[in-house]
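Engineer: Residue numbers (the working numbering), protein chains in the order written: chain A, 37 to 515; chain B, 10 to 108.
Hints listed in this document are in silico derivations from the structure and should not be mistaken for laboratory results.
Glycine residues also receive a C-beta, built at the ideal position from the N, C-alpha and C atoms.
Warning: the hint list may mix true and false statements.
What the hints assert, rightly or not - No more than 30 Å apart at the CA atoms, straight line, and that leaves these computed lysine-lysine pairs for DSS-like:
(1) A/439 x A/409
(2) A/317 x A/307
(3) B/71 x A/409
(4) A/439 x A/71
(5) A/332 x B/42
(6) A/317 x A/276
(7) A/332 x A/307
(8) A/50 x A/512
(9) A/360 x B/94
(10) A/409 x A/332
(11) A/439 x A/294
(12) A/478 x A/317
(13) A/50 x A/510
(14) A/57 x A/510
(15) A/123 x B/71
(16) B/42 x A/409
(17) A/276 x A/57
(18) A/512 x A/57
(19) A/98 x A/512
(20) B/94 x A/366
(21) A/478 x A/294
(22) A/510 x A/286
(23) A/512 x B/94
(24) A/276 x B/71
(25) B/42 x A/439
(26) A/478 x A/71
(27) A/71 x A/123
What the hints assert, rightly or not - Using C-beta positions, here's what the derived DEER-type ranges look like:
(28) A/446 x B/26: 20 to 28 Å
(29) B/87 x A/366: 40 to 48 Å
(30) A/46 x B/90: 35 to 43 Å
(31) A/45 x B/75: 34 to 42 Å
(32) B/58 x A/449: 22 to 30 Å
(33) B/83 x A/289: 44 to 52 Å
(34) B/96 x A/302: 55 to 63 Å
(35) A/420 x B/96: 54 to 62 Å
(36) B/41 x A/507: 49 to 57 Å
(37) A/289 x B/90: 25 to 33 Å
(38) B/26 x A/126: 24 to 32 Å
(39) B/107 x A/132: 54 to 62 Å
(40) A/366 x B/75: 37 to 45 Å
Each chain, letter by letter, is given below.
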Amino acid sequence: MDVPSLTIPELRAKFADGSLKPVDAVDQLGARIAKVDPQLKAYNYLNLDSARAMAASADVAKPLGGVPIAIKDVINVQGDPCTCSSKILQGYTAPYDATVITRLRDAGAVFLGRTNMDEFAMGSSTENSAWGVTRNPWDLERIPGGSSGGSAAAVGGHEAFAALGTDTGGSIRQPAALCSCVGMKPTYGRVSRYGLVAFASSLDQIGAFTKTTEESAMLLEILAGHDPRDNTSVDRPVPKYTQSLHQGVKGMRLGVPKEYFIAGIDPEIEKAVRAAIDVYKSQGAEIVEVSLPHTKYAVAVYYIIATAECSANLARFDGVRYGKRAANPKDILDMYGRTRAEGFGPEVKRRIILGTYVLSSGYYDAYYNRAQKVRQLIGEDFRLAFEQCDALLTPTSPTAAFKIGERTQDPLQMYLADIFTIAVNLAGTCGISIPCGFTSGKLPIGLQIIGPRWGEECMFRVAHAYEQATAWHKEKPLL
Amino acid sequence: MADPTSSQGIDVTYVADLARLRLSPEEIATFQKQLGDVLGYVSQLSEVDVSHVTTSGAPDLKNALRQDVLAPSLTPEQALANAPKQDNNLFVVPRMIEG
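With the rest of the complex left out, here is chain B (with noise of 0.2 Å):
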């Protein structure tokens, strides 16, 4: 594997389509030297000592949870009024299944 921290790592094209986001070939050039040079950037946590350190949350925060009651929310009708395309009290969307 290439070194994660250096600069040279992200390939845009390959990340774009990860987050489903279609760019042209200007963009993809212009994304790749300058997330280069954020990245080369951020390079310098590398040099704190994090070894101490554990992710498993602060030890004075529990979780918040709440009764699983029902409540007013919205309607069938205004969760859809601002889909760009419903039908029958579904979001339509164009077919993923061939058949």
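Only chain A is shown next, with the shape it has when bound in the complex (with noise of 0.2 Å):
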């Protein structure tokens, strides 16, 4: 039994009929990870160990009774290190669980270690990190997509049965297609982000990774509701997303907005996701094309805005309460400058910067105001466009994963990798990429499915209908 290529309901089968121990599912897991991580670097810290005694004592008749999880290390486990890939970070140990953890505990979950992320979340490919590159399980020579690079290249590479990653502009939904997973970003609002360490607040939502949709949306009926301790979660019911999964998209009317197909996309993306949707076709669903004409504004707006709240939120990393502190200050200022100097790496820096500037006097209205009224102008085309359809249908990525290097020196480059994911995020909607085909060169191919806000069961519905048509999702890298 090739137990790490199981699903979650799988390997829940397993538990419920004995043939297969959790503590036997951590061992295997286990094998796996020291068979391909040394070559992935998916993980950043793993902790077998305390996995192997969380399985051994958990109750599988919970959700995700004796389930190993990975989490990227950008959230809160009581008692683990918490590094967000970053040196200033370094030897932090959480004090407390952030609020999904607590849900994953309260479902059975194991904790089986923290993936690798860019630094503090900003980045596109993984390499932004303190710790080293993260590589695709299709092609270690190629980048897993970022930030949640770690989280995705542990679910695509069968280290891990799911994995939490967080979405600022992308950040689930790119690796996820980059990797041939399942990438969830919720509404926001929809988990709390209680015990994440935050990037860009107004943005950044938690979700999963898992092989298929329907693990999907297991996982966001843990971790989705409301939190007292996040006044920005909100208080409205959760569905049963896996039971509304199976109801079919005859009779939807699903949008393909012009603005994603530009030039500049992959050809081969394109094909992908052409045919993707003429599966949707034959399945009874209407097709329009539908418009959100500020599209193309998407990534400089989102440079402004995440950068001014990433410029706030990492003022807390200063060498006072917790992290690195620069070796014999002279004085307070030369403590915080050094230890940031010292601590972050280039592109916190250049992000810090950018924020700083946009939010500067004299610079405020011109920057910062003018991008929070056209992401006004987004959310506002995304309100429209879903008066005309019940979700959208567009390619994760435009390109499939870049290689090692490729983009690292132009930062502009990279920014662009986001192009048809930031504007979700941006509008506060949800998405989820799926796999939906592979180049010539067999790297995998995402379609994204954008629902309009708390649109989740929507969202899953169409994702699984094409799952059930297709099998690329079945498909496994040759590591």
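Join the two chains into one complex using the hints; note that each chain is given alone, in its own frame.
Structural biologist: Structure (structure tokens):
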């Protein structure tokens, strides 16, 4: 039995009939990790002993009882490191659990370890990690995407049954597309951010990587819900996503935004996504062309708003309360300046400077205020589009995984990797990426399904319908 | 004032100081060029007509408030456990005031 390639429902069925014990699942996954992680480097930190102990006492009747899950290294798990792949948090031990971790514990999940990421979730390739580059399970010369590249490589490489990630501008969906897994970003406010190290608070949302849409729906049922400790989490009922999943797309109207099929998109990707649209047509969905006219401004808006928020959020890393402090400071300004100089990597520094600049006196109106206004226009685009259709179909990424090092010298090129995912965060809607094919070089391609705010039920239905008709999600990398 | 959306507008040395970030001369030179490119790219926002858009917040959103009541929280020991330097339940930093 190839345990690491099982889905969570398959795994739970084996736990239930006694043919597999949770501890054995941890051990088999441990063996897989020992074999492939020296190449992939998906994990920053593994704790198989504590995972075995959690598995040994797991109640397999619970929704995730005994199921090993990996956690992006940006979410606090009490007693674990939480480095955000940054030197500035070296040595930090989380004193509390994030709300999503409490919810996963209550559901019986087992925590395996922490996955690599771009430092403080800033990047699209996981190359901005202080702990080294994670590799794509489909081609070790290529990036896994980012910023949740470790989580994507862990699930895509069958080193975890599921993984948590975070998505600020595409950081779940883009790496999911590049590693051939399912990556889901919920509606802003659906999942508590308490205990998530903040990057851009108005955009960040926690979501999950899984092998299938059904598992994604299972996880969101557990993760979602109001949390008094995050006052941007919203108090509204959590639907039973797994129950409405199977209803199909017959009679649905699915929108294809013309601005997402532009010059610059890899022709193989366009072909795969167009073929996926035809699958929906054959299932009885009505395909309508829609327009999101402000799409071309999304990346520009994002790099003003996200950097502005990051410059404020990362002010807390000053060497006073936690993390690294520069040695022998002359005075407090010397301590701040050198602690941050030594602790942060180049991309984080770049974004702090850009964000400080766009908020600074004399530039605030021209940049930040204007970006906020264009952000509203982008949100309005989506609102109008969802008057004409139930969900949108787009490519997740304009290209397949690029080579390690290919874009590191040109930040602007790197930023454009998120061109199809960023607007969803600005509008606060939900989105999911599912496997929809491979390039001729056998690199994964992702289909993005965007739902309206609180439209996860519809989003999952659309994703599941495609999965039932195709077998892309069953392909395994040759690792 | 200089044209605020010109790509030459950013003085990296000055902004880094505002951000309490000490940069090397090499970093300053690199960032000056790279951020100039990024600001050139984002300047396309100036072509969008935003005259009818307000930023007073969406009409369907209201403040989320909660009762201000005591709830379990970290002990002083837990809160200080990650501090680079601590003494007597306090975070210790270099002297700020002469005297």
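Engineer: Each hint: holds or not?
Structural biologist: So, going through the hints one by one against the coordinates:
no.: 1; hint: A/439 x A/409; verdict: 36 Å, violated
no.: 2; hint: A/317 x A/307; verdict: 15 Å, holds
no.: 3; hint: B/71 x A/409; verdict: 19 Å, holds
no.: 4; hint: A/439 x A/71; verdict: 23 Å, holds
no.: 5; hint: A/332 x B/42; verdict: 23 Å, holds
no.: 6; hint: A/317 x A/276; verdict: 26 Å, holds
no.: 7; hint: A/332 x A/307; verdict: 22 Å, holds
no.: 8; hint: A/50 x A/512; verdict: 21 Å, holds
no.: 9; hint: A/360 x B/94; verdict: 10 Å, holds
no.: 10; hint: A/409 x A/332; verdict: 15 Å, holds
no.: 11; hint: A/439 x A/294; verdict: 28 Å, holds
no.: 12; hint: A/478 x A/317; verdict: 26 Å, holds
no.: 13; hint: A/50 x A/510; verdict: 19 Å, holds
no.: 14; hint: A/57 x A/510; verdict: 24 Å, holds
no.: 15; hint: A/123 x B/71; verdict: 39 Å, violated
no.: 16; hint: B/42 x A/409; verdict: 27 Å, holds
no.: 17; hint: A/276 x A/57; verdict: 28 Å, holds
no.: 18; hint: A/512 x A/57; verdict: 24 Å, holds
no.: 19; hint: A/98 x A/512; verdict: 28 Å, holds
no.: 20; hint: B/94 x A/366; verdict: 15 Å, holds
no.: 21; hint: A/478 x A/294; verdict: 27 Å, holds
no.: 22; hint: A/510 x A/286; verdict: 24 Å, holds
no.: 23; hint: A/512 x B/94; verdict: 49 Å, violated
no.: 24; hint: A/276 x B/71; verdict: 27 Å, holds
no.: 25; hint: B/42 x A/439; verdict: 24 Å, holds
no.: 26; hint: A/478 x A/71; verdict: 22 Å, holds
no.: 27; hint: A/71 x A/123; verdict: 27 Å, holds
no.: 28; hint: A/446 x B/26: 20 to 28 Å; verdict: 27 Å, holds
no.: 29; hint: B/87 x A/366: 40 to 48 Å; verdict: 31 Å, violated
no.: 30; hint: A/46 x B/90: 35 to 43 Å; verdict: 41 Å, holds
no.: 31; hint: A/45 x B/75: 34 to 42 Å; verdict: 37 Å, holds
no.: 32; hint: B/58 x A/449: 22 to 30 Å; verdict: 29 Å, holds
no.: 33; hint: B/83 x A/289: 44 to 52 Å; verdict: 50 Å, holds
no.: 34; hint: B/96 x A/302: 55 to 63 Å; verdict: 58 Å, holds
no.: 35; hint: A/420 x B/96: 54 to 62 Å; verdict: 59 Å, holds
no.: 36; hint: B/41 x A/507: 49 to 57 Å; verdict: 51 Å, holds
no.: 37; hint: A/289 x B/90: 25 to 33 Å; verdict: 54 Å, violated
no.: 38; hint: B/26 x A/126: 24 to 32 Å; verdict: 25 Å, holds
no.: 39; hint: B/107 x A/132: 54 to 62 Å; verdict: 38 Å, violated
no.: 40; hint: A/366 x B/75: 37 to 45 Å; verdict: 43 Å, holds
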